[in-house]
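**Q** Fit chain B to the known structure of chain A by using the hints.
Line by line, the protein sequences are chains A and B.
Each residue of the first sequence is one higher than the one before, starting from 88 at the first, in this note's numbering.
Each residue of the second sequence is one higher than the one before, starting from 1014 at the first, in this note's numbering.
Do not rely on the hints blindly, as some may be mistaken.
[To be verified] Heads up, simulated SDA-like pairs for lysine to any residue below, C-alpha to C-alpha not over 25 Å straight-line:
id	chain 1	residue 1	chain 2	residue 2
1	A	Lys94	B	Asp1064
2	A	Lys166	A	Lys89
3	A	Lys94	B	Lys1075
4	A	Lys89	B	Glu1137
5	A	Lys89	B	Thr1078
6	A	Lys228	A	Ala284
7	A	Lys89	B	Ala1180
8	A	Lys89	B	Leu1179
9	A	Lys94	B	Leu1179
10	B	Lys1075	B	His1101
11	A	Lys94	B	Ser1063
12	A	Lys166	B	Gly1133
13	A	Lys89	B	Leu1095
14	A	Lys89	B	Arg1191
15	A	Lys153	A	Pro266
16	A	Lys89	B	His1150
17	A	Lys153	A	Glu189
18	B	Lys1075	B	Asp1117
19	A	Lys94	A	Asp113
20	B	Lys1075	A	Pro143
21	A	Lys89	B	Asp1064
22	A	Lys166	B	His1119
23	A	Lys228	A	Gln268
24	A	Lys89	A	Gly112
25	A	Lys94	B	Met1062
26	B	Lys1075	B	Met1062
27	A	Lys166	A	Pro143
28	A	Lys89	B	Gln1163
29	B	Lys1075	B	His1134
30	A	Lys89	B	Leu1142
31	A	Lys230	A	Asp382
32	A	Lys89	B	Thr1098
33	A	Lys94	B	Arg1092
34	A	Lys374	A	Asp309
35	A	Lys228	A	Ala178
36	A	Lys89	B	Gly1133
37	A	Lys94	B	Tyr1106
38	A	Lys94	B	Glu1181
39	A	Lys153	B	His1119
40	A	Lys228	A	Ser100
Note that these hints are calculated values from the structure, not bench results.
Treat the numbers as computed from the prediction; the structure is a model and nothing was measured.
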Amino acid sequence: MKPAAFKYIAAESLAQALALKAEYGDEAKWLAGGQSLVPAMNLRVAQPAVLIDLNPIEGMAGLTVKEKPTSEPHALVIKAMTRYRTLERSAEIATHCPLLHETMPHVAHPQIRNRGTLGGNLAHADPASELPAVMMVLNAKFKAQSVRGERWIAARDFFYTLFTTALAADELLTEIAIPLQPDTPTARTRTCFMEIARRRGDYAMMGVAASVTLDANGVCTDAQLGYLNAGDTPILATQAAQSLVGQSISAAQIQAAAAIARDEVQPPGNVHATVAFQRHLATVLTKRTLTTILDFRF
Amino acid sequence: MLCKDFSLRFEMTDVTQKRCFVLFVIKMSQTTCPPKLLQIQNLKSKIPMSDLHTITATVNGKSYTRTIESRMLLSDFIRHELGLTGTHVGCEYGVCGACTILYDNHPTRSCLTLAVQANGHRLETVEGLAVSPTQLHPLQQAFHEAHGLQCGYCTPGILMTMKAFLAENPHPSEAEVREALSGNLCRCTGYQHIVDAVLNVKDEG
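With the rest of the complex left out, here is chain A (with noise of 0.2 Å):
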């Protein structure tokens, strides 16, 4: 239950750190919260020879809800390193991204969100982690930065399998932007994440996040359903959601909506839910999150 040997570098600065990686490649890994990281070093499941520790970089740490021309929706902007506990006592993604906000108290214990950070998690690539399918259905960006430059990456593009992501082995996750949805006299957009796990903080056997957006006639005009711990990435049932768009949603179509999601899942079952009860959990999650939305948040 120790790490093996490594290297390990404090990162001083963003360039160096960029640098370093693209000196190492794949034999480096990146440390930040170490959450998901060292536990799995600790186990000797990852053996990276060298750790390149960003915790000690300036500015790689914050949020801002920048402000863009009218015809644009504006952005939340998260640096990577910002840690859980930040954004969980974040006002401003209290304000302006309720999903965010009503996720993070479900993302593993206080001690682990006082460590972990919003980039970490993304770049773990867990598809049972809370965070990757949040970031699906928000259509979040992800900006990748190495000493080739950078480039953004879509959410929806960004996880290719277990624990695989879109990021080159001389890439790092700098920032997360996501496009935030104000109301309009044309279109509300209303949230809701829901999972069950069997303890408070633990891996969820299932989980749901969901996005419905209405016009002035209470239409639905865009809806996302994204599934955590659903397969080898964050799932989005996108048959499920598209079967809402057009409509007044009734309960019937609620019921419906998530008879087809039960079908889009793919969980890989486990000691704690077989298959057939992570699927029967989403239906009912997607039952709930969908009716409180149009309850209680229109």
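**A** Only chain B this time, still in chain A's reference frame:
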């Protein structure tokens, strides 16, 4: 690129009411490259046998300087290098909470932090709680009075977690106390006396 034709899978299971990684299934398809895990192990000849760092950390108000290996966990640093064995080690992968300390005032799993990461930081362990050898911290006193422990193994981690929790939320509800305790496992008490103790501190405060 991180092995797009190879994936490593952690299967979560639970034999002891804990989250644990038990089964690793290596799925390979169309392998043109060997598994990442093996690649990394093949690189081990390049890894220094000991990667030493000299660090200075403040623990319970006292400054300590030690030269340690980068792979040393903060929990082992506190126990073995500093001899502060009040911090307990339970699972060593972040589940049980026994090793919780305050790292710059925030409750942190010391088994999920490297000792080198304590360089220049301020730590507090259970040894730093009591006002004097004869006078307990009010939180410790409340645990004593409510019988908030049996074997005591989880207690240091719970005390450090609750100290920071009460500092941030001095008048919690019972539900908030239980939520705040979610990251600490106790196999003796059923938590009721622990919750009572924390609420008693509130009543005094």
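**Q** All hints, please: hold or fail.
**A** Now the hints, each set against the structure:
1. A/Lys94 with B/Asp1064: Distance ~6 Å between A/Lys94 and B/Asp1064 Cα, so the pair holds.
2. A/Lys166 with A/Lys89: This hinted pair is violated, its Cα atoms lying about 31 Å apart.
3. A/Lys94 with B/Lys1075: Since the Cα atoms of A/Lys94 and B/Lys1075 sit roughly 28 Å apart, the hinted pair is violated (cutoff 25 Å).
4. A/Lys89 with B/Glu1137: 23 Å, holds
5. A/Lys89 with B/Thr1078: 22 Å, holds
6. A/Lys228 with A/Ala284: 28 Å, violated
7. A/Lys89 with B/Ala1180: 33 Å, violated
8. A/Lys89 with B/Leu1179: 33 Å, violated
9. A/Lys94 with B/Leu1179: 39 Å, violated
10. B/Lys1075 with B/His1101: 20 Å, holds
11. A/Lys94 with B/Ser1063: 8 Å, holds
12. A/Lys166 with B/Gly1133: Given pair A/Lys166, B/Gly1133 holds - Cα atoms ~23 Å apart, limit 25 Å.
13. A/Lys89 with B/Leu1095: Holds - the C-alpha atoms of B/Leu1095 and A/Lys89 are around 18 Å apart, at most 25 Å.
14. A/Lys89 with B/Arg1191: 31 Å, violated
15. A/Lys153 with A/Pro266: 10 Å, holds
16. A/Lys89 with B/His1150: 33 Å, violated
17. A/Lys153 with A/Glu189: 21 Å, holds
18. B/Lys1075 with B/Asp1117: Holds - the C-alpha atoms of B/Asp1117 and B/Lys1075 are around 14 Å apart, at most 25 Å.
19. A/Lys94 with A/Asp113: Distance ~14 Å between A/Lys94 and A/Asp113 Cα, so the pair holds.
20. B/Lys1075 with A/Pro143: Since the Cα atoms of B/Lys1075 and A/Pro143 sit roughly 22 Å apart, the hinted pair holds (cutoff 25 Å).
21. A/Lys89 with B/Asp1064: 15 Å, holds
22. A/Lys166 with B/His1119: 20 Å, holds
23. A/Lys228 with A/Gln268: 15 Å, holds
24. A/Lys89 with A/Gly112: Holds - the C-alpha atoms of A/Gly112 and A/Lys89 are around 24 Å apart, at most 25 Å.
25. A/Lys94 with B/Met1062: 9 Å, holds
26. B/Lys1075 with B/Met1062: Roughly 31 Å between the alpha carbons, so the hint for B/Lys1075 and B/Met1062 is violated.
27. A/Lys166 with A/Pro143: 15 Å, holds
28. A/Lys89 with B/Gln1163: 29 Å, violated
29. B/Lys1075 with B/His1134: 12 Å, holds
30. A/Lys89 with B/Leu1142: 28 Å, violated
31. A/Lys230 with A/Asp382: Measuring from Cα to Cα gives roughly 36 Å; hence the hint is violated.
32. A/Lys89 with B/Thr1098: 18 Å, holds
33. A/Lys94 with B/Arg1092: Judged against 25 Å, a Cα distance of about 23 Å means the pair holds.
34. A/Lys374 with A/Asp309: 17 Å, holds
35. A/Lys228 with A/Ala178: Between A/Lys228 and A/Ala178 the Cα gap is close to 22 Å, so the pair holds against 25 Å.
36. A/Lys89 with B/Gly1133: 23 Å, holds
37. A/Lys94 with B/Tyr1106: Holds: A/Lys94 and B/Tyr1106 sit about 21 Å apart, inside 25 Å.
38. A/Lys94 with B/Glu1181: Roughly 37 Å between the alpha carbons, so the hint for A/Lys94 and B/Glu1181 is violated.
39. A/Lys153 with B/His1119: Given that 25 Å is the threshold and the Cα spacing comes to 29 Å, the pair is violated.
40. A/Lys228 with A/Ser100: 23 Å, holds
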